[in-house]
Amino acid sequence: MLFDELLDKLITETTSLSLPGFSVELCLSATIVAMLMMRLVNLDRFVPASVTAILGAFAALIFTWLQFRQIGAADAVVSQKIFTGLLIHDTFTVFFRAFLSLFLLLTIALTSLTGIPDNEDGPDFYALLFGATIGLMIMASANSLLMLFVGVEMASVPSYAMVGFLKGRKPSSEAALKFVVYGAGAAGVMLYGISLIAGVLGTADMSLLAIRLGEAAAGGSGGLSDPELRAVSLGILLVMVGLAFKLSLVPFHFWCPDAFEGASAEVAGFLSVASKAGAFGLLVRFALALSGAPGTESLMIAFGVGIGFIACVTTTFGNLAAYSQTNLKRLLAYSTIAHAGYMVMAVSALLVMSNSPKAASMQIDINRSVEGLLFYLFVYLFMNLGAFAVVAIARNHTFSEEVDSFKGLVSQSPTLCIVMLICMFSLVGMPPFGGFFGKFTIFASAFKAGDVHWFMYVVVAFGALNTVFSLVYYLRVLKTMFMDARPADARPVPVQLGSLESIYVIALASFVFLLGVLPQFLSATAGAAAQSLAKF
Amino acid sequence: MVGETLRNLLMIAWLLPLAGFAVEIFGGFWGSRKSRVAAWMSVGCIGIGFLCSLSALLIWGNSNSWTVLDHDSHDETHVDTDHAKPADALATDTHPSPDSHTSHPPVVRGKTVYSGTLYYLARFGSLDISLDYYIDSLTLVMFTMVTFIATCIHLFAMGYMSEELTEELVDHSAHLSNGHHVHRPGRYYRFFAFLSLFCFSMLGLVLAGNIFQVFIFWELVGICSFLLIGFYTERKSACNAANKAFIMNRVGDFGFLIGLMVLWTFFGTFRFGETVNDTGEVQAGLFQMLARDETGNVLRDAASGDVKIGAVTTGADPGGNRTIPYSLLVVAGLGVFAGCVGKSAQFPLQTWLPDAMEGPTPVSALVHSATMVAAGVYLVGRFYPMFVQEVLLTIAYVGCITLFMAATIAIVATDIKKVLAYSTISQLGYMMLGLGVFGWGAGLFHLITHAFFKSLMFLCSGSVIYGCHHEQEMPKMGGLWRKMPITAFTMLVGVIAISGLAIPGLIGLSSVFAFSGFFSKDAVVATSLAFVKDNPSHFLLFIVPLITAGITAFYMFRLWFYTFAGKPRDQHLYDHCHESPWIMTGPLLALSFFAAFCAIGGEDGPLYRLITGDQPAHIAHGIAAAAGSGEITLPGHDAIHDVHGTAGTLALIAAASGTCLAWLLYGTTLVNVAEIRRQLSGLHGFLVDKWHFDEMYDALFVKPAHVVGQGCAWIDKTVFDGIIHASAKIMIFVSKWDKLFDEAVVDGFVNLLGNSTFAFGRSLRVIQTGRLRQYVMFIVVGVVALFAILFTTFPG
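Chains as they are written, first to last, in this note's numbering: chain A, -3 to 532; chain B, 504 to 1299.
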């Protein structure tokens, strides 16, 4: 094949296939450029950056909708590699794009309500936000170890800057610095893992990993005494450590409470939801890429059980450590850690079930574990963002994020308190809110995975036990808000029903409620996304 | 197709008032007590309902080419109900019927009953409880009549109730304990909400396709009646009247329930007509199950005498294998009739109706004369195929006693509404009598005509009361026709109609010119004469209604003369009274037109033919006496037609003499009424005390109930309360120990658990030092540790 033929093929593929599949990210990139250009010509004095950002995010949402329609068509190719196999475009990817675009839109709406970046800094802040979102989208659609790393870094670097965005605030700068150093360490570890995997298996294409792994394991013991497998296992472990950093799993969570406390509540909300979502998308892809290689099943089940063990430790640690927190953002940071633990149980179940000898007959259960994870992420978006939004709105009036500053808030703004109540009950997992169904589906799939390995029953037991643990600190916050008397010297929080803030939080809370009452709409879509990953 | 259209139209007419009710009662008064929105909404709902009903009637008529109105004299074509044919419930069942005894060519009289199921409420095995519909000519006529009258009365009430349009209303009839009048906000919207609810219930009752559904709506109209009688809740008399009406109706409903149980046990269905259920199976209704032979008697098992039940009425084994004892069939019929006695205020449950006049006058007109109380009569008519001779005879005698007794009390009543109330009871008695002596058409004919002229008269009395500032005593009135000419004129139309006056020979030789009441009462009296001719021992069933026809004319003209003619007896009242506004007189004129002319043509006229379009099959020829059924012969149409002339003449003479007597006593000053009253003071007192029924019930039921109640209260207070108090004390004692255990042991354990968990959580803080160097070190430690774990736990 001649070089110019090759070039022609590349060009046609890129223009006809890759770029349309990448339209959402392109749209976001264009918005970044537009915002920065507008400041260059002083247009941002007339059109605030937040407006441009909202329009851009909305356009991205429309593009994802178009992609949904296109991929949902009867004759559509369910799974498509784009950019010469660097990225993959399937329902799962589109689901995450939709999720992230929606979240972006909601976050921008929240920031423009609370006014955290002032008009001057708006373009900078939103450029960072958009950049991080693009990185997260790339994470969710990565099909190459290289893109895995690029995605993680592209999501992380703007996050560092956003954590330190409250310039001149010492805790903020300190948190940003800790985050940067910790993140750099984790990135180094992950990069080492990637090079180990790619070096031993001879490819960075994730869709080939399982085959190469099977070839490498062929003839060997299938255990760690095989040097190639040993090196690959170490590589997998190191990559997973890098992802564990993004997911703030114990023991790689140390950055999380400090960063959350230092960052503004809006940024903390972004970090706790979006950045988790991207990392989960990547983790699911990575786990599935390594699954099903003949001869390595028991090794992969061991990894799955290991993740389950980490999940138990993480949830228990997150919940117990949240008990004694006095800062609400810090409390929510530990709650985030705990929830990452719940969600990673789904990945554990996925890995265990996909590598069981009965994997082909368990495809429905495997799909269900992914579906449960996606459902949980979506509910988590609304309930956690709702909680952070309440914190941010109240902070604008009280200038404090301490639990004590919420004492008796119900007497002044019942709307905020009731939204907080709904969000927190959903975080606990009470029906009829969406959190219940998310938790239920994940526990159910973990229970099903117990057929393959007994340890998964322990994981379910820990999950159930932790639900009780978590009740304590959520209820403590609610008790403070509803039952304590408002101190006389407390600053008033006059958020009336009908104000923009109240409409925003009520919209979030009503989604939490709707997803609990009518889960079938979302779970059908999540099921389709899970199906697009199915091997059988 | 026609069936579906009819069903949809009638459902709109039926459900719209419910929607109206929901909006009115919850929407409240739209911010202001002075808003008329609720009233207009209510009028709109029932008005649209009237249009729907009327179009349904027209569509129904067109679908059978109005054969129902064809002139075929009294020689009814044999209407074959065709029980055996499992027809599609919605399919029109029009087919020519074989004319059994003919001198006329066979006339196609459409048999046009539509029945089906709207909604399944519950299912027990193969037994359904459902909401059904049963649409025949009677349903349609009732729908049209009810919605029309209700529309008129709604409009009238908009004027009559207008004093409720205020933020603060002083009720002069209600007193507080300190002697002051009650002040309360106006309740205009609530009145119309209740009226809407009533219309919904009443129409549901008429549309009902099974007897259980009838019972549901029966109770609903009961509660509406309760709410409306007690509309002025602050008045003690209104509250008592509402309670009385409700409780006395429950007595009748007790019988109704027994009847339902018998039917459910033996027939296994409540439905009237055939229906196709959702599995496509055709299920026979009650009317199909109870088969009758060619003499009109129910089919009975030769050996045991039990009545056969079954969908099969032809072939080798007519009636099927199942049976019901004849006595229980009588019990079922009497039970259902007991409900009708309560609802229609028949002897012995008649005493609630006069008291019900405590409600606002539009309520008296709509609920307690034209529609709800007629529901009992309607149900007797609807359920007619299930009644055997003994039941019919009971119905006839109950009606006969009622009509006479109520008429006598009406003679001495002085409250204008009470006269009309007793008149209503009496006329309902006529209807029951008519039905009881096998005048199915006659009874229901009288129901429709009565509804028009009685609602008219009640509205007139309402107009008088409104004009006279809530004065209801006739002795204070007099000469009002000069002040309120429209009311006086329309009232006169009603009075003439109810009295049954007629001018013979005005149109042709054989025909008469008369208002509606003449024709329907004539039909009832003629039927009873035919009945008495066949069964001479029951001669009272003809004599009493004939005499009462005279009494009716007497007390009605007495009312008119008392109120409108002569000289004013209370000058102050006379000076201040006035004619009512157009919104009240308009409905009066509309109703008076119908009261006068709705029955034009009598039994050959359109109304009678419409009503009897789908009459039960066995009516046309009467029922011959059969062994074991009381040896009663029930007259067929021919027999009735033979005596029609005689009966009509006798009734007219009675009415005319009653009218003359009334004119003599009250229209002129020739006779001193007070002197007569003094002469007959014993009788007068007896009548004024309403035959002492209230005292009797008081002594027989209320006082014993009070005694028993006091006894129960005593037992409750001393014995049961004692036991309860003792057990409560024991409980407190146990709880004290339980509390100690709880606090010491259980709480201690829980606190220990909680504290240790919390302490552990607190200790976790220690790891989070905040030192960056340590954090980074933890990455390395974590990785190494995890790899070590992997190596140690995963075998090579």
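Hints listed in this document are in silico derivations from the structure and should not be mistaken for laboratory results.
In this text the structure is predicted, and so the values were computed from the model without any measurement.
Any given hint could be a false lead.
Chain A residues, not near chain B, derived (Cβ > 10 Å throughout) [as the list claims (entries may be wrong)]: (1) 174; (2) 320; (3) 460.
One-sided excerpt, in silico: chain B residues whose CB lies under 8 Å from chain A [as the list claims (entries may be wrong)]: (4) 1035; (5) 1036; (6) 1039; (7) 1265; (8) 1269; (9) 1271; (10) 1279; (11) 1287; (12) 1290; (13) 1291.
C-beta: ideal position from N, C-alpha, C; glycine also.
Going through the earlier hints one by one, which of them does the structure break, listed in rising order?
1, 2, 4, 5, 6, 8, 11, 13
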